[in-house]
Structures are given as C-alpha cells and as structure tokens.
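Undergrad: Sequence:
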Amino acid sequence: MQERNSMIEPPIETLLEKTGSKFSLVIVAAQRGRQINDYFSKLGQGMGDVLPPQVTSASHTALSMAFEEIAQGKLEFVDTVDAVDTATKDE
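Residue numbers (the working numbering): 1 to 91.
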C-alpha cells in the first residue's frame, strides 16, 4: 500500500460534501479519531466496545483514518440540531 499525504488525500471538498460544513467535519472526524485510538489502545484485551477502522489505510494516524472513512461514506452522522428542530415541528 502506498503511503499517502493525509493533507492532500482525501480532498477537503469531498469531505465537505459528506458532512455539509467545516464544523461538522471537525466534530465527526475528531470523535471518530478518538474512537479509533481507543480501539488500538485496547487491542489484546478481549472484545472491545469500539468499532475497528472501517477502511484499509496506509495512514498512521487515527484522524487520517477517520477522514478516509468519511470520504468513503463509511460513517453516518445526524446533525442533532436539525433532528431536534424537525422533531419539534412534528409535535
């Protein structure tokens, strides 16, 4: 596998199409990056409660893996503000 420069791949435009805003991208990537770090830190300790990385990656950082997962559509997230607004309107 060829090592990639994570500042270029995946392109920011692709990531923004998936998340809708820079703020959402930062939040989703940071949360998933922490989950990936937790997964690797708990390896060998039995079954964990954290989902392993969903992409095969040459990246060495959890954040880069999170960006790749977002770009490939492996993560689903809900904008909770929009979800709350929609639920409130339905009532």
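In case anyone wonders, no lab produced these hints; they're calculated from the structure. Please note that the accuracy of each hint is not assured.
To be verified - Pairs of lysine-lysine residues, derived as DSSO-like cross-links and limited to a Cα-Cα distance of at most 27 angstroms, are as follows: (1) K42 with K22; (2) K74 with K18; (3) K74 with K22.
As the list claims (entries may be wrong) - Computed beta-carbon distance windows for the label pairs: (4) L16 with Q45: 21 to 27 angstroms; (5) E17 with Q45: 36 to 42 angstroms; (6) T80 with L43: 26 to 32 angstroms.
For every residue, glycine included, the Cβ atom is placed at its ideal position computed from N, Cα and C.
Undergrad: Next step is simple, just say for each hint if it's right about the structure.
TA: To see whether the hints hold, each was checked on the structure:
Simply put, K42 and K22 have alpha-carbon atoms about 30 angstroms apart, too far for the 27 angstroms limit, and the pair is violated. For the hint linking K74 to K18, the alpha-carbon distance of about 10 angstroms falls within 27 angstroms, and the restraint holds. As the CA atoms of K74 and K22 are separated by approximately 18 angstroms, the hinted pair is consistent with the 27 angstroms bound. The hint said 21 to 27 angstroms for the Cβ distance between L16 and Q45, and at roughly 36 angstroms that hint is violated.
Between E17 and Q45 the Cβ separation comes to about 37 angstroms, which falls inside the hinted range of 36 to 42 angstroms. Between T80 and L43 the beta carbons are some 31 angstroms apart, a value that agrees with the proposed interval 26 to 32 angstroms.
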